[in-house]
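Visitor: Residue numbers (the numbering used here), protein chains in the order written: chain A, 1 to 347; chain B, 1001 to 1294; chain C, 2001 to 2244.
Bear in mind the hints are in silico, worked out from the structure with no lab data behind them. For every residue, glycine included, the Cβ atom is placed at its ideal position computed from N, Cα and C. Any given hint might turn out to be false.
Unchecked claim - Residues from chain A that face chain B, not an exhaustive set, calculated with beta carbons under 7 Å: (1) 129; (2) 152; (3) 312; (4) 316.
Unchecked claim - Derived coverage of chain B by chain C (criterion: at least 3 residues anywhere in the stretch with Cβ under 8 Å from a Cβ of chain C; other residues may be distant): (5) 1160-1169; (6) 1177-1188.
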Amino acid sequence: MGDKQAIRAGLRRLVPLAILLGMILLLVPLGHLGDIVLERRVILALLNLVAVVGLYIFMGNSGVLTFSAVGFMAIGAYTSALTTLRPMMKQTFLPDLPHWLAVLELSALSGTLLAGGVAAAVAAVVGWPLMRLSGIAAAIATLSLLIIAYIGLGNWTAVTGGQTSLMGLSTWVKLWPAALWACAAVTVAFVYQETRWALCLRATREDEVAARASGLRPVPLRLIAFVLSAFVSGVAGALYGHFLGTLRVESFYLDSTFLFLTMLVVGGKRSLTGAVVGTLAISLLTEVLRLLEVGVAVGKVNLSAPNGIGDVILAAVMLIILIFRPQGITGGREIGQVTGSSRKEIP
Amino acid sequence: MGNLLQILVDALSLGGLYALTALGIGLIFSVMRLANFAHAEFITCAAYALFALSGSPLVMSLSAAVVVAVTLAILTERVAFRPLRDADQATMLISSFAVSVFLQKVLIFAVGSRAKPVDPIPALAQTFMIGGVQIGVLKIVTILTCAVLLLALLFILKRTRYGLQMRAAAEDFTMSRLVGVRADAVIALAFLLSGILAAVVAVLYTAQTGFVQPRLGVQIVIMAFVATVIGGLGNLWGVVAGGLLVGMGSSLLQAFLPPDLRPFREAILFLGVILILLFRPNGLFPSRGLKERI
Amino acid sequence: MSTPMLSVRAVDARYGNIVALRDLSMHVATNEIVSIIGPNGAGKTTLLSAIAGLVRPTHGAITFDGQGLIGASLEDTVRRGIALVPEGRHVFAGLSVIENLRLGATIRKDTRAAEADIQRYLDQFPILRERRDGPAGLLSGGEQQMLVIVRALLSRPRLLMLDEPSLGLAPKITAQVYDIIREIRDDGVTVLLVEQNAGRALSVADRTYVLSGGEVRMTGPSAELGKDPGFEAAYFGLGRGVAD
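If we strip away everything but chain A, and leave its shape as in the complex, we get (with noise of 0.2 Å):
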């Protein structure tokens, strides 16, 4: 093969990350088209898509379902917050931090950054014995690491203000922050999705005995994506906590945890494609059921829908999602993608 048609190829497999992030790249218009409350709609879109990505990056590859990844992002923003508050505050909120912790002052990126590696870095730990399993042990495993993270970070009062917000966090994440961190978040799991070691956690995913026998090995595969993931969602979790300025051990619960499963499901949990589009997809969808929860004003009377509806409708669409097209929107394809190449699922 010549050069040029060589350039030419590994340009093409450039092509859906191209689209990706131009479409991350459009909301930044968009956010700027309405008001404050719009513009920080957008803002939470493009930080579910961090979070989302996270969740992908681990259970679209290894087709291992996991329920830790918020509990990842919560060490994440806790991190986050501790290095990075002004250290006047943590002498109020949290008399009790260890003086190392008390004085240090991190800047935005570093604070974020180590949120993420300290998410990496817990994950490396719990992650490699957990990694044998698969299914429902799986399940049950990571569903108790964030039980763990609920109840460790939420009693640990000295450190984190347990059940009380952690108030005073600088908040930093604006539009362009989010939208940056979010492309950020997509190139590495597109990045990572090329290599020669996603390659073979997706043949393990198939099938992991004709993997297995072929050579591979799943548990390194597994942490390596596992770790990463925790990387990612950490950065989500910090990013959060910036944009909000406060932060609430209940936020990184069962609910979110419903919540990403939801987006990345109906997305088609096997692609990056499905992350986004799955994210922006439920993200518009719950906020047009919140404008109707919240109503619309006809002449004078408010027509609004009862409170609650649109919980249930999240959730509905998520069964019928999983019912009807349980492949999600995508079906396993990423956007863009040249035929032959394409990551369908195997009938």
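Position chains B and C against the provided structure of chain A, taking the given hints into account.
Guide: Okay, now just chains B and C, sitting in the frame of chain A:
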């Protein structure tokens, strides 16, 4: 010494509730390989039925609880789980999670998320003395009810025609159909029994705690799920053992942990769960039928 | 010629993109023993699965007693009088021998007669009576094979389908199993038998089909087939397919 007796009673009572819940989940898993998260909502809705019929005679409220739980169970199977019967395990897990969340949100939509007080069996609120120690009648009744139900289920499974068909379906679903066992009937039976177990747990649990809230079932079922997995999915005795283990473990941790570590009780418990899973991914008493055939 | 009991006409069956049966036709007449032989992957098990209802053909027709079978559920097929003993025995290993037998009689409404049948079989196979309360998984391979055949017979089938009954069994036990197959036919049950052991199959069956690559390559009375010079070629898939 008296304290020890109280602790034992507490442990057995909680263990019994988790064992019954784990059994309800295990029955369905054994025939369908479906981990039914929605069992939480069977329990919660039965508890709300009790609330709705507060003040009515006991027989009425108990019947209402059973009817609600069983109807919900059979409906859920028919509408949500039957279409998914041939899906892979990951999809089934996610789906059952989705069904559970859906039912929860519907419940919140219908009755709101605030806790409501309920006292289904006021007659059992007394205590009595054994050797100078106060023991709650309710806890003893709970232990006895659990024991009776476990024995009743044992009888159904071992001695009745339908129980035999269920055990065959649990061993080898397709082969059981090839000898003529009706898949739909067996699965419906599993859900029926699950519903009954859920109703009983709802009654006993709300009697002990005194209120209902939409998350009631979820809390119990998470523990029961864990119990099911460490006990050994597909093996009903393992599942029961797992429930007893988790309930007793939780109770004993509560009793013996130093006070500042007590809030971490559940975290420690789940740590134990992870440890068990690492050494025995198929549970402590795995069912033969679960080993993958190559 | 009267309508055969079982008639398979121009059936195609596939697993995903893999074609397992290709325009396959065959039939079984009442009280015959018919065997299907061929190498691994020939589609023999798929054929039995299609008849039983485990696999749904994409084309063609299967009739039993003149009535269509395709689309009938597994449970209904048993109730129509077809019993399948799948490859690999498949006893309910955790259940006792007697429980396995009782399950064989699941579809029987005449419980007393069914119980009498069970007792009769326990007499006929003393090893089953000896182990009746023990777990079926602890029986030897040959004993398990007897158990699953008896279990299938308890549903009083008119057609008994056996998939590789001699698989993994010692020659002496295989001989016993084949004696039982002959007795089953003498009792009025029709037998359709899939075998890799061509010699055994030819010795017991009235007629034989040679399957290869999802097609019928050769068919005829067993005695003649074994002597036919084209037999080996047909077995290994060399040469044209043959319509029934």
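Visitor: Against this structure, judge whether each hint is valid.
Guide: Evaluation of the provided hints:
Because the smallest distance between the Cβ of residue 129/A and any Cβ of chain B comes to about 5 Å, under 7 Å, the interface hint for this residue holds. Checking residue 152/A against chain B: minimum C-beta separation of about 5 Å stays under 7 Å; hint holds. Proximity of residue 312/A to chain B holds as hinted, the smallest CB-CB distance being about 5 Å (cut-off 7 Å). A cut of 7 Å between beta carbons decides the hint on residue 316/A: the least distance to chain B is about 6 Å, and the hint holds.
With a cut-off of 8 Å between beta carbons, the region 1160-1169 of chain B has 4 residues touching chain C; three or more are needed, and the interface restraint holds. As drawn, the region 1177-1188 of chain B meets chain C at 7 residues by the rule of a beta-carbon pair under 8 Å; at three or more, the given contact holds.
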